[in-house]
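So the protein sequences, as listed, match chains A and B.
So in this note's numbering, spot 62 of the first sequence is number 62, and the numbers just go up one at a time.
With the second sequence counted from 1, adding 302 to any position gets you this note's numbering.
Honestly, the hints are just simulated from the structure, not real lab data.
One or more hints might be untrue.
Claimed, not checked - Straight-line Cα separation of at most 27 angstroms, DSSO-like style, residue types lysine-lysine; simulated pairs:
1) B/K391 to A/K298
2) B/K414 to A/K17
3) A/K17 to B/K391
Bear in mind that the values here come from a model prediction, so they are computed numbers and not experimental data.
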Amino acid sequence: MNTWFSYHWQAMVLAFKRLALIPFSTLLTLGVIGIAFSLPAGIYVFLENVETLSGQFSSGPQLSLFLKLNTTQSEAGKIESFLKENPHVASFRFIPKASALEQFKESPGLAGVMDGLEGNPLPDAFVVTARDVSAETLKTLSRALAELHQVEHVQLDSAWMQRLAALLKLGRLAAWMLSVLLSLLVIAVVFNTIRLQILTMRDEIEVAKLIGATNGFIRRPFLYFGTIQGLVGGIVAWLIISLGIHLTGEPVKHLMQLYETDFRLYHLSMGDSLIMFLFSAGLGWLGAWLSVVSHLMKIEPR
Amino acid sequence: MISFSEVFKRYPNGFEALRNVSFTVETGEMALINGHSGAGKTTLLRLIAAIERSTTGSVIVNGQDVGRLNGAAIPFLRRNFGLVFQDQKLLFDRSVFENVLLPLQISGFESKAAARRVRAALDKVGLLSKEKARPITLSGGEQQRLCIARAIVSRPSILIADEPTSNLDMEYARDIMAIFKSFHQVGVTVLISTHDVELLGDLPQRILTLSHGELTG
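Throw the hints in and build the complete structure from the sequences for me.
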């Protein structure tokens, strides 16, 4: 166990030394890996933010039910009891015309418009939340509601939500495809840096083999070399995303204030960040391993 | 114990480096391999360390058939040897100390004990005061002694040296032969190749003479 630990410790120290010996090329490699990771991860963060934001604008699959202006209270009561019994309805809220008018008056910009009107032009309304989001259910429900007596108009509030959800889904797919491609790029970058390392250290490898080094002993520092590059590259990507959030934070806040929404951009969660670091380290390891297998074993003492 | 029986080594270009070589060097014995340049001395030593394999015949080291060892077993065979190379094979980007430390790192030595052993080996070859120096700053004789320190640091049971005194003046050469002799005296099997007949004069050791790949005496 002790020997095992000291082998790994030595290999890691050696890997750090080798990285430090070529600072410029190390920085370049880390930059490439960092940028490669920051693209898909940045898109992911962006999509997450958009999704959270859309959740704030609308809560779930909603339908607005506008009644005719001449609807009596008892007719509204009948609709209410229908909604209570309908299995597709999760909850509903009655908005009498008077309170709708109040709401309008409180809205900035609209207050003046309302004051200029005689009487209340607004109808009574129900805001209905459906039990599930599927387009099928919503369509059935909206058709059933439209046929009710005294219902003027049914508006599906979630139509734009569904479009957005489909768009986000497409965006995620694009982010995934980009991740796969850029992962291959990262593997190629590490593969190549390790190849160059092996070529410059040919003598050392030969000597080590001659005095009894196992393949594992020779391989280990290279694997650490690749893993460290991958891991630090992942951290660079995280920092790039942080920088992006920092730079766009103020403008976004300002924009959201215009929409009277309190929304702040958020970063990758702790779990997501950890997954990204592990993934990038893993890719570094894989690139190093492929390189070592294809180059190191060809070096035999002469 | 090192034992050759009917060993042939033929290279792909048709050159026969060794022809029907058979001999045995007992454990604790010291033997010199003498012969002209190109007689096959280096090839013979390389077969022992499994750097090359014989075309036919068998090479037995400590009861193991070297030619039949698989790749994974070769590093462990080599840890039995202290190898002194003709071209020294020092690592010029490491200090004297680190060069000697390498075999101990490879066999997984604990670092404090390793440092003690490295200093003991450097002391033995008279390089203790230069442990922090780079090999490039050493003289030819010092580089040769550094190579010997690296070979003996892991206390091998077999010491193999390929032309350790070539390119050295007589005084250094005698020093180095004396170092080998002291190892022989503490029970290490020592095998040295040399073309330098003058050195053989005051060493009453067993001498194997190679001529054009054949053992002649």
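A/K17 and B/K391: Cα distance at most 27 angstroms?
22 angstroms, holds
When you check the alpha-carbon spacing of B/K414 and A/K17, does it fall within 27 angstroms?
21 angstroms, holds
Pairwise hint evaluation, A/K298 against B/K391, where the allowed Cα distance is 27 angstroms at most
Distance ~19 angstroms between B/K391 and A/K298 Cα, so the pair holds.
In summary, this structure violates none of the numbered hints.
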